[in-house]
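In order, the protein sequence lines correspond to chains A and B.
Residue numbers for the first sequence follow numbering that gives the first Met the number 0, beginning at 0 and rising by one.
Residue numbers for the second sequence follow numbering that gives the first Met the number 0, beginning at 0 and rising by one.
Please keep in mind that the hints were generated in silico from the structure rather than gathered at the bench.
For each residue, glycine too, the CB sits at the ideal point set by N, CA and C.
Among the clues, some could well be false.
As the list claims (entries may be wrong) - Across the chosen pairs, the derived CB separations fall in these ranges:
hint : chain 1 : residue 1 : chain 2 : residue 2 : range
1    : A       : D224      : B       : F18       : 52 to 62 Å
2    : B       : W374      : A       : E132      : 49 to 59 Å
3    : A       : D182      : B       : V22       : 29 to 39 Å
4    : B       : T285      : A       : E85       : 47 to 57 Å
5    : A       : V27       : B       : F18       : 16 to 26 Å
6    : B       : V22       : A       : E132      : 43 to 53 Å
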Amino acid sequence: MTGPVTDTYPIIRLDGVSKVYPMPAGDVRALDSLSLDIMAGEFVAIMGPSGSGKSTLLNLIGCLDVPSSGDVQVDGRSVKALTDDELTTLRRDNIGFVFQQFNLIPLLDVLENVEFPLVLKSRAHATRERCREVLAAVGLAPELHTHKPSELSGGQQQRAAIARALVNDPGILLCDEPTGNLDTKTGDTIMALLTGLNREGKTVLVVTHDPRIAAHAGRTILMVDGRVA
Amino acid sequence: MILFDFAKRNIRLHWLRSFLAVVGIIIGVTAIASMGMLGNSLVLSISDSLTSVGDTIVITPHIASAPGGAIGGTGSTLKITGRQVEEIRRAAGANTVVPIHAGAERITVGNEAKTAALYAMDPADVPVLLEKDSGIYLRYGSGIMVGKKLADENDLKVGETIGIGSGEERARIVGILKERGIGFDINPDYALVVADTWFTSRYGDRDYDEVIVKARNLDDIDPVKAAIDTQLNRREQVVNVLDTRKVLQTIVDAFNQISTFTTAIGGISLVVAGISILNVMLMSVTERTKEIGIIRSLGAKRGEVMRIFLSEALILGLVGSTVGGVLSLAGGYLALNVMLQSSKYLFAASTIVYVFYGIAFGIGVSLLSGIYPAWKAAMMNPIEALRFE
Chain A
0 MTGPVTDTYP
10 IIRLDGVSKV
20 YPMPAGDVRA
30 LDSLSLDIMA
40 GEFVAIMGPS
50 GSGKSTLLNL
60 IGCLDVPSSG
70 DVQVDGRSVK
80 ALTDDELTTL
90 RRDNIGFVFQ
100 QFNLIPLLDV
110 LENVEFPLVL
120 KSRAHATRER
130 CREVLAAVGL
140 APELHTHKPS
150 ELSGGQQQRA
160 AIARALVNDP
170 GILLCDEPTG
180 NLDTKTGDTI
190 MALLTGLNRE
200 GKTVLVVTHD
210 PRIAAHAGRT
220 ILMVDGRVA
Chain B
0 MILFDFAKRN
10 IRLHWLRSFL
20 AVVGIIIGVT
30 AIASMGMLGN
40 SLVLSISDSL
50 TSVGDTIVIT
60 PHIASAPGGA
70 IGGTGSTLKI
80 TGRQVEEIRR
90 AAGANTVVPI
100 HAGAERITVG
110 NEAKTAALYA
120 MDPADVPVLL
130 EKDSGIYLRY
140 GSGIMVGKKL
150 ADENDLKVGE
160 TIGIGSGEER
170 ARIVGILKER
180 GIGFDINPDY
190 ALVVADTWFT
200 SRYGDRDYDE
210 VIVKARNLDD
220 IDPVKAAIDT
230 QLNRREQVVN
240 VLDTRKVLQT
250 IVDAFNQIST
260 FTTAIGGISL
270 VVAGISILNV
280 MLMSVTERTK
290 EIGIIRSLGA
300 KRGEVMRIFL
310 SEALILGLVG
320 STVGGVLSLA
330 GGYLALNVML
340 QSSKYLFAAS
350 TIVYVFYGIA
360 FGIGVSLLSG
370 IYPAWKAAMM
380 NPIEALRFE
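Input sequences plus hints: build the corresponding full structure.
In structure tokens:
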């Protein structure tokens, strides 16, 4: 069910990555010398029990965190040498996040939520057209654009969140349990949407517990104790 | 700018506590500005009613030199002799020296008897010291001039006559003096001013009660003062030499200190307002932890997060300070009318500037209070912030 993975390059590369959280009871090694390539255009599911390091992996790829040792490369750029601002810019321009709780900003309406990353990037307000375009692409009707997130159903909120993740046209979509708060039917439509985006060329990473969701992916990475099993 | 917009919305969402924080700033700015305005107006009004423009040296007999400790000042038994006046003239050089007899006398207006202060001086010196309101200046002869308040209260007009002394000798009013306010030299508002010849013909040849030196040039004051001191007070202090400029300065300084003190009290309320902004902002940062995580994950830099929260503090400060500035005009007007019974100094540049000081302080305090919460928001770990429920 995945797109063609020919003629491609590693858009994400992890090289001997360890992440250690210092805890009072002793260090916790969330990732243990993990090496991994994810090719541009791939659809990858990451599975594993709680505490296996899935979230840590996602945070490192999403440039929300830096490894304790080893290196992460996103789109050819090593995160090791980057400042916080540079990491943020890399995240803003190359990565779209999709969360289990949608994480739309309650203060802003749908259109403004989608606009937010775009304005962070372009500093301009003449961006509404682009937002409507993306919202149309994820299948959210125009009459919903001026609603606050709390007025939308879960599926609609997740579509808005995906639109927000797409608005800066990033190469990578990082999805953390994107269907975790949705009923099965709505979850399927969201997965179909993600699959479609993958076909259009986006690299999609989905962290999930659900084998049915993982079945959408071209490759499943199983993690145990901070390593690929 | 969406970041500013974002801050605005958050304020609107939490309008009640934002409003309360703004009220604090309003009170603080109003207090600091109206106190400053009041203090400045006091200083202005004091400077205005103290007549001396600061070019006057007043020489009076030294009280302690009187054997038996007689009470000094005008009309006392202590005098400045004609020889001393000559010495003063020599010391004063080209500056005008006005020796004055001072006293009090019974006057009769119609059938009513009253007491008024009496100043006698060379008629040629009158225009040096005093301004006339109507009529003419004193001439050698029997005419008198009357102080403005004395004239107003007794309905005295130029051309009328009043009785002076127990003999009720008639004297013709030739001129009315302009109101002069409280002076360090003489206080003619409730007084009669007569020619020295008239005075000596009536009370005999007398020594003087005080001598006034009008400096032509402010730079002359110090050397003249020093010269008088060395001439007359060589062996022992026989006269006091008062430099009105110094006295004026001391009084104005004192009022400035009072003004600073009251403004500082206003400042305390502004500090309290700042703390309430700090509190509101810290609450806002804590409540919005998750949101901070979200916008960080969307690609907002630390500086941008900081700007959102500083914008919030800035909006609170701007609104509160502007309203406070406007209210301080009303507050200042009220305070001035209560304290000075006049609001004429309200729009003096040096008064009105306190409105802008108040506004500037208000905005400054708000921004300052916003810095820590904004910094706290900016330095949040995005992963932990995202996990926050």
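Numbered hints the structure breaks, given as an ascending list | Violated hints (numbers, rising): 2, 3, 4 and 5; every other hint is consistent with the structure.
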